[in-house]
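Colleague: These protein sequence lines are chains A and B, in that order. In terms of the numbering used here, the first sequence opens at residue 1060 and continues consecutively. In terms of the numbering used here, the second sequence opens at residue 302 and continues consecutively.
Check before you lean on any hint, since a few could be wrong.
[What the hints assert, rightly or not] The list that follows gives simulated cross-link-like pairs (lysine to aspartate or glutamate, EDC-like), each with its CA atoms no further than 20 Å apart:
#, chain 1, residue 1, chain 2, residue 2
1, B, Lys458, A, Glu1287
2, A, Lys1135, A, Asp1403
3, B, Lys464, A, Glu1244
4, B, Lys316, A, Glu1201
[Stated by the list, open to error] Which bits of chain B does chain A cover? Going by a derived footprint, with three or more residues having C-beta under 8 Å, they are:
#, stretch
5, 355-369
6, 379-386
7, 448-462
8, 465-473
Don't read these hints as lab results, they were simulated from the structure. From a predicted model like this one, the values you see are computed outputs, not experimental measurements. C-beta: ideal position from N, C-alpha, C; glycine also.
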Amino acid sequence: MKALVWHGKEDIRCDEVTDPRIEDPRDAIIRVTSCAICGSDLHLFHNFIPGMLPGDIMGHETMGEVVETGDGMNGKLKKGDRIVVPFTIICGQCEQCKRGNFSVCETTNRKRHLAEKVFGHTTAGLFGYTHLTGGYPGGQAEYLRVPFADTTHIKVPDGLSDEQLLFLSDIFPTGWQAAAQCDIEPTDTVAIWGCGPVGQMAIRSAILLGANQVIAIDCVPERLSMAEAGGATIIDFKTESVMERLQELTDGRGPEKCIDATGTESHVMPSQPDTILDRAKQMLMLESDRPHVLREMIYLCRPGGVISIPGVYSGFSDKIPMGALMNKGLTVRTGQTHVNRWTDDLLRRIADGEIDPSFVITHTVDLERGPEMYRLFRDKQDSCVKVVLKP
Amino acid sequence: MYYVANIMRSEGDPKIVRSGPRQVPPADRLARSLGWFSIGLGALELLAPRRITRTLGMQGDETLVRAFGLREIFSGIMSLSVDRNAGLWSRVAGDGLDAAALMSAMRRDNPKKHNVALALLMVGGIALLDYRGAQETAQRPQNGRRRLYPDRSGFPKGLAAAKAAAQRVLSHAKAGAS
Ligand SMILES: NC(=O)c1ccc[n+]([C@@H]2O[C@H](COP(=O)([O-])OP(=O)(O)OC[C@H]3O[C@@H](n4cnc5c(N)ncnc54)[C@H](O)[C@@H]3O)[C@@H](O)[C@H]2O)c1
Ligand SMILES: [Zn+2]
Ligand SMILES: [Zn+2]
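Given these sequences and hints, build the entire structure.
Modeller: This is the structure:
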């Protein structure tokens, strides 16, 4: 089959690979009908997150049709079912799964010893996302083996299109969880750094969760225009001062809730000198992340507020203003998304026409053109916001 | 490397049968050449500063040349990285510093004045390349037409309806709580 394969830094190719096969009674194989490129894939494309090996298949936003199952499905999944695959692989039986903490499932990471060394404990297995989280082949391919498939799936009805449903796999629940973790109250201002796909979903989620005001920060005009369409007041950090504008929009109080939908790869630019210092330290291997957004959020958030971090960080961050964080009494909430905790509710909202996540798609192309789309998405060329690939 | 990687995989995981082509855009190639050039020049400045000062009649400025060498290596590594754009801009800035230092050596009493003039010419040429590289590796090339998305609310029933529904849910929750 064809698949997008990681060969090294900025080297993803469309290769011919062997077909996956059932290895365990709880496995299922799906024929992929749609998959997407995520901002997290860019961190891997840049080799900023350690643990990729040449030959790894990319992709964790995938849906398709079940073509084969092991005999351990317990009647929960059968050939012909149409499913969206959550990017977190879940067993459904461990204590964390039972609590709904799916992204820290204790059983699905088949390379748990690596995760235990690096993180102290294991986290869930993830598709196409480094050997720290199991090294499972990803779904930017024609076929995907889904381990623990009897629990790791979201069954979807036929009446809705792939485009409407695909993002249940990751970015929609990710934006939703980012907003839900803010415990939004009707008087709250929610400020969101980053208007990529995750930021866009977080904006819509904050609106649906009843925020009084949503403010979105980025420097890419087309993304800002999409944010504004979704109900956000926008700040272009290349031309405006984020601090001044946020103060202005909140009568000097600062936003109660802040969401970091940017993550470790904050833009490097002279007007944000800390990013240049971070970049230099990254070069000398003294720091792994560029936490500019985190610093800015801690400084600008209203005391007593919440800092919600869906953006991915990889290792060690310097100069985090702990004094401000502590004295302002801020709450930090973060994590890979517990996808299945939210998807029943979100699927209903899509079916009811409350929201249609396909608004974010700007490019739909064949899987073979995947490698060039990684660059296009990364460089924000051709007004790209989200790429969907069709195998 | 692929062999080692395959040992890390489970037996059933897909393995490469035939690899597709690798794509490297031309702008990235230019950045790579300039990056390696930068590292080479930087190493020379760092390790053999006296040769350079003698050629340019700038004896005594060895420390400055060494510092410039460090700067060159830094910009070079940056130009080879995914942040090549920042690397190339730092090279453009560095070309400015080089030019300024050379100008100060263009004194009438410098017997190696002609070498300095030659060096200035070279810096000018390289600066042009650096500038072109920086332009071409910029995210979103300026020539591209930009599409804006003012009609993509994502709410099939409209933004106002979405907001109103959220308010209804919230007031329900409040009523339920009291
Ligand atoms: N927690 C999860 O489970 C989860 C799931 C999906 C994605 N993510 C992470 O979410 C982040 C965003 O993903 P995406 O797909 O939207 O990626 P993206 O790269 O398309 O979006 C990031 C956006 O941040 C903007 N940005 C950069 N520096 C900024 C700054 N200083 N201030 C404000 N904005 C800035 C960029 O212009 C870009 O539009 C990534 O780190 C990704 O890995 C996390
Ligand atoms: Zn993702
Ligand atoms: Zn579990």
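Colleague: With reference to the structure, classify each hint as holding or not holding.
Modeller: Evaluation of the provided hints:
1. B:Lys458 x A:Glu1287: Given that 20 Å is the threshold and the Cα spacing comes to 16 Å, the pair holds.
2. A:Lys1135 x A:Asp1403: Roughly 16 Å separates the two Cα atoms, so the pair holds.
3. B:Lys464 x A:Glu1244: holds (14 Å)
4. B:Lys316 x A:Glu1201: holds (14 Å)
5. 355-369: Our answer is that it is violated, as 0 residues pass the Cβ test (under 8 Å) against chain A, missing three.
6. 379-386: holds (count 4)
7. 448-462: holds (count 12)
8. 465-473: holds (count 5)
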